[in-house]
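*Asks:* Below, each chain spelled out in residue letters.
There are 4 protein chains.
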Amino acid sequence: MNLYEFTINKLKERGVSIDDIAIIVFDLQKKYIDSISLDECTIALKRVLNKREVIHAVLTGIAIDEAVENKNFPNPLWEIINNDYSLYGIDEILALGIVNIYGSIAFTNFGYLDKEKPQIIGKLDSLGKNDNCCHTFLDDIVCALAASAASKIAHNFSEN
Amino acid sequence: MNLYEFTINKLKERGVSIDDIAIIVFDLQKKYIDSISLDECTIALKRVLNKREVIHAVLTGIAIDEAVENKNFPNPLWEIINNDYSLYGIDEILALGIVNIYGSIAFTNFGYLDKEKPQIIGKLDSLGKNDNCCHTFLDDIVCALAASAASKIAHNFSEN
Amino acid sequence: MNLYEFTINKLKERGVSIDDIAIIVFDLQKKYIDSISLDECTIALKRVLNKREVIHAVLTGIAIDEAVENKNFPNPLWEIINNDYSLYGIDEILALGIVNIYGSIAFTNFGYLDKEKPQIIGKLDSLGKNDNCCHTFLDDIVCALAASAASKIAHNFSEN
Amino acid sequence: MNLYEFTINKLKERGVSIDDIAIIVFDLQKKYIDSISLDECTIALKRVLNKREVIHAVLTGIAIDEAVENKNFPNPLWEIINNDYSLYGIDEILALGIVNIYGSIAFTNFGYLDKEKPQIIGKLDSLGKNDNCCHTFLDDIVCALAASAASKIAHNFSEN
Chain A
1 MNLYEFTINK LKERGVSIDD IAIIVFDLQK KYIDSISLDE CTIALKRVLN KREVIHAVLT
61 GIAIDEAVEN KNFPNPLWEI INNDYSLYGI DEILALGIVN IYGSIAFTNF GYLDKEKPQI
121 IGKLDSLGKN DNCCHTFLDD IVCALAASAA SKIAHNFSEN
Chain B
1 MNLYEFTINK LKERGVSIDD IAIIVFDLQK KYIDSISLDE CTIALKRVLN KREVIHAVLT
61 GIAIDEAVEN KNFPNPLWEI INNDYSLYGI DEILALGIVN IYGSIAFTNF GYLDKEKPQI
121 IGKLDSLGKN DNCCHTFLDD IVCALAASAA SKIAHNFSEN
Chain C
1 MNLYEFTINK LKERGVSIDD IAIIVFDLQK KYIDSISLDE CTIALKRVLN KREVIHAVLT
61 GIAIDEAVEN KNFPNPLWEI INNDYSLYGI DEILALGIVN IYGSIAFTNF GYLDKEKPQI
121 IGKLDSLGKN DNCCHTFLDD IVCALAASAA SKIAHNFSEN
Chain D
1 MNLYEFTINK LKERGVSIDD IAIIVFDLQK KYIDSISLDE CTIALKRVLN KREVIHAVLT
61 GIAIDEAVEN KNFPNPLWEI INNDYSLYGI DEILALGIVN IYGSIAFTNF GYLDKEKPQI
121 IGKLDSLGKN DNCCHTFLDD IVCALAASAA SKIAHNFSEN
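Protein chains in written order, with this note's numbering: chain A, 1 to 160; chain B, 1 to 160; chain C, 1 to 160; chain D, 1 to 160.
Bound-form chain A, shown alone (with noise of 0.2 Å):
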């Protein structure tokens, strides 16, 4: 199993499906293009993650939040990512590590999606504040996945 398919089962076994993040892609980007399919969404998303830096800030950010949930990060560090602390700061930092990669909208679409948490990154969120589940750096990732394939998508669009 290659890095690309050890992160996409990696994600699922994180309760996040590629189904799940293209959606919001569709979401985002159907108001600007009325021909846009779920299909392409998938393919736009599928090519950032198979971008080594994408891979390393998925896993890495994943990593963290599972060192939380099994204890193995040391305190004050650990209760202020295990309760997803607003002013933490570190997870969007890792995130901005993937939309840096695909430009301004990327990073326009990260900001709107991180304020809103549709779908699935609502989900995560929420479950994310029960004991023994950290999602701390999940949920910024998807934004980050999600706005990184929109941006994508449009500069593609335009060079037709």
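Don't read these hints as lab results, they were simulated from the structure.
Only true hints are included.
Partial list, computed: chain A residues near chain B (C-beta under 7 Å):
hint, residue
1, G89
2, F110
3, Y112
4, K115
The calculated lysine to aspartate or glutamate pairs, modelled on EDC-like cross-linking and capped at a C-alpha distance of 16 Å, are:
hint, chain 1, residue 1, chain 2, residue 2
5, B, K30, B, E40
6, C, K31, D, E116
7, A, K31, B, E116
8, C, K117, D, E116
9, D, K115, C, D27
10, C, K123, C, D84
11, A, K115, B, D27
12, A, K115, B, E116
13, D, K117, C, E116
14, C, K129, C, E69
15, D, K71, A, E66
16, C, K129, C, D84
17, B, K129, B, D84
18, B, K117, A, E116
19, B, K115, A, E116
20, D, K31, C, E116
21, C, K115, D, E116
22, B, K71, C, E66
23, A, K71, D, E66
24, B, K115, A, D27
25, A, K117, B, E116
26, B, K31, A, E116
27, C, K71, B, E66
28, D, K115, C, E116
29, C, K115, D, D27
Beta-carbon label-pair distances, calculated as ranges:
hint, chain 1, residue 1, chain 2, residue 2, range
30, D, N2, A, E69, 25 to 31 Å
31, C, K115, B, N50, 24 to 30 Å
32, C, E116, D, S86, 16 to 22 Å
33, D, D39, A, N9, 50 to 56 Å
34, A, L127, C, E116, 45 to 51 Å
35, D, N70, C, E5, 52 to 58 Å
36, B, S158, D, R47, 17 to 23 Å
37, A, G15, D, N75, 20 to 26 Å
38, B, K71, D, W78, 56 to 62 Å
Keep in mind that this is a model prediction, so the values were computed, not measured.
Every residue, glycine too, gets a C-beta built ideally from N, C-alpha and C.
Since the structure of chain A is provided, determine the placement of chains B, C and D on it from the hints.
*Replies:* Just chains B, C and D now, with coordinates in the frame of chain A:
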């Protein structure tokens, strides 16, 4: 007149008052901080506008908008900026130069404002579509100023 | 003439050839990749220069330099940019708009080049100190183009 | 013990003293400011280390290094981080979370330090190659702290 006052006056000349931006800051933060006042938002905004790199970004963005209005920018760039082409991207880059300094809450708020375009931001965007008026940089700058002031308030609040 | 060719010509008109930048890329990467050729550096650089957001950043930076030379930018900004004031900061912000897209190796190389100013970068910097010549944005843009091409080569190389 | 003191102690525990970083700041700035003293560098550095987002970045980076040393991070990520794989990129992303706040001079200095690895930065890098020792994040964090303090001094100096 110092650079700070010059910048406030320049914004005013371009149709944006301190109050226009402060009300956006207030609307962003009132859901998180019950006791917030418009005065606090104004104070935070003025402190943002006192930073050297912020002043440089504001003045540079406005100077480009004006150079485009005065037809002092060459083609093909003139057309790209005059039409506020959605894939231009440099207006957001300049705005991120402001937002960067105020951390990840500023990023999220910036994306949200750039997408939702509340109040003066939407007005600037509409006016910019008229002949002889270019707000390609100014609307993003106002988003960045409001987002940064909101982030400053969030950080200060948690310190009390 | 398409936008890509227009941009290459514009750089040439401002005193910067593809070869001038490619040799910097070569010098950056030869310590890491024994077998690297100048041709590979040229190819990577041309691919960087083919990206829309890169083209927009290059053209915007040069347009500002030219507006300053033609005294079409207002004071106090004119004086700040004309003197390449070290705390101006917006020249680097625009360059980071390019570097961002090419990941963290591009960042590191950018900072190094901006500090060391090898070859054409140093020449642009010196020439810019003359009357009627402004290279405040151009030298940072050349740093960003070289740093991004070097990062692209590093990523491609490791994929083989 | 507050978070600031905790962070200073944690750096010390990982082999990095305030003096180790302050001397790098001094070496960066002495060519620009004749009258600079090591004390000023120490004061600027301590103010950087007092910022919440800086503290979070430092503690998160060190926690990852330690989790890797303790084999509490899963493969394939463990191997990538343990070997300080040059295309990993997330160590620089985290460091940029610090540098971002201090503007463009901080960016330039960061790239320079990350490439030249003076003093403690080179030592951390070498030690990190030993078994049971991981400094993948720590060396970039030290670069970021020194670069940010140098930028702070440059900005303060010009205000006098």
